[in-house]
Amino acid sequence: MARSNKPLVWSLFAAGGTLAALLVPALVVVTLVVAYGYLPAALDYQTMHAFAANWLGKVILFVVIALCLWHAAHRLRTALHGLGLRADKWVAKAGYTVAGLGTVFAIVYLLQIH
Amino acid sequence: MNGRPYVREVRTASWYFGRWRDLHHMLNEISSIFIGGYALILLWGVKSLAAGEQAYLAFLDGLTSPLSLTFHWVALGFTLLNSVSWFGVTPKAMPVQIGDEFLPGHYIAIGHYVAWFCVSLVVLVVSGVFSNG
Numbered sequence: 001m002a003r004s005n006k007p008l009v010w011s012l013f014a015a016g017g018t019l020a021a022l023l024v025p026a027l028v029v030v031t032l033v034v035a036y037g038y039l040p041a042a043l044d045y046q047t048m049h050a051f052a053a054n055w056l057g058k059v060i061l062f063v064v065i066a067l068c069l070w071h072a073a074h075r076l077r078t079a080l081h082g083l084g085l086r087a088d089k090w091v092a093k094a095g096y097t098v099a100g101l102g103t104v105f106a107i108v109y110l111l112q113i114h
Numbered sequence: 001m002n003g004r005p006y007v008r009e010v011r012t013a014s015w016y017f018g019r020w021r022d023l024h025h026m027l028n029e030i031s032s033i034f035i036g037g038y039a040l041i042l043l044w045g046v047k048s049l050a051a052g053e054q055a056y057l058a059f060l061d062g063l064t065s066p067l068s069l070t071f072h073w074v075a076l077g078f079t080l081l082n083s084v085s086w087f088g089v090t091p092k093a094m095p096v097q098i099g100d101e102f103l104p105g106h107y108i109a110i111g112h113y114v115a116w117f118c119v120s121l122v123v124l125v126v127s128g129v130f131s132n133g
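Keeping their order, the protein sequence lines are chains A and U.
In terms of this note's numbering, the first sequence opens at residue 1 and continues consecutively.
In terms of this note's numbering, the second sequence opens at residue 1 and continues consecutively.
Quick caveat, the hints were computed from the structure, so don't treat them as lab data.
Note that the structure is predicted; figures quoted are calculated from it, not measured.
Backbone N, C-alpha and C fix where the C-beta goes; we use that ideal spot for every residue, glycine too.
Some clues are possibly wrong.
As a list, the in silico DSSO-like pairs of lysine-lysine whose alpha-carbon atoms are at most 27 Å apart [what the hints assert, rightly or not]:
| no. | chain 1 | residue 1 | chain 2 | residue 2 |
| --- | --- | --- | --- | --- |
| 1 | U | K92 | A | K58 |
| 2 | A | K93 | U | K92 |
| 3 | A | K6 | U | K92 |
| 4 | A | K89 | A | K6 |
| 5 | A | K6 | A | K93 |
Between beta-carbon pairs, the in silico distance windows are [what the hints assert, rightly or not]:
| no. | chain 1 | residue 1 | chain 2 | residue 2 | range |
| --- | --- | --- | --- | --- | --- |
| 6 | A | L85 | U | R19 | 46 to 54 Å |
| 7 | U | E53 | A | V9 | 37 to 45 Å |
| 8 | U | R19 | A | L111 | 15 to 23 Å |
| 9 | U | L80 | A | A14 | 13 to 21 Å |
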């Protein structure tokens, strides 16, 4: 049988979808509050830096960013197909490249915080 | 992937405006753009955290731009719709079997909605959105 990357891509997609559905609306509200110029207590530099310096905080930030990126990349293919764009190969390449780079950079940046 | 690519021609790029079911589907798919975009904003935030306090303050300041404000409102609309839809189909995506019976679908959906509410509340309380100061 030919090896397929579908189970891996699918599991990242499903996990990302559930995580995104659970977390993203609330997170958007938090930064929406920031967008209006009010800074929630936990978002000041010292608190956020301490959170990201902690290994558990690193894992949480990494999982949220990476899974949301992979979920979005995978779903972008059907979204753009539905919108009439017939270039799945390029959409897939671009989407997974951004998700892959985002994952790597998330690790790099998080490891710089200590 | 498969030998023969799936190509279904559609007459226009606005076919989904005909039926609510189609429109609902497309709106859910489009939400992925905002989920991905938001993840990139978070990544940008982590980058600025790594770069130091000045960079982080500049990141927070950038969030107050009109573009960011617009993005947030649109993203909030799309992601709320996506969450409602996503948990609405969980009974189909992961049915729960107990003995010979399947747990009625609405228990699974309601369970996810309750979990969503609790997680959202925790995020808002912990981040300090409700606190004064």
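Requested in this report: Tell me, in ascending order, the numbers of any earlier hints that this structure violates.
Outcome: Hints 1, 2, 6, 8 contradicted; others consistent.
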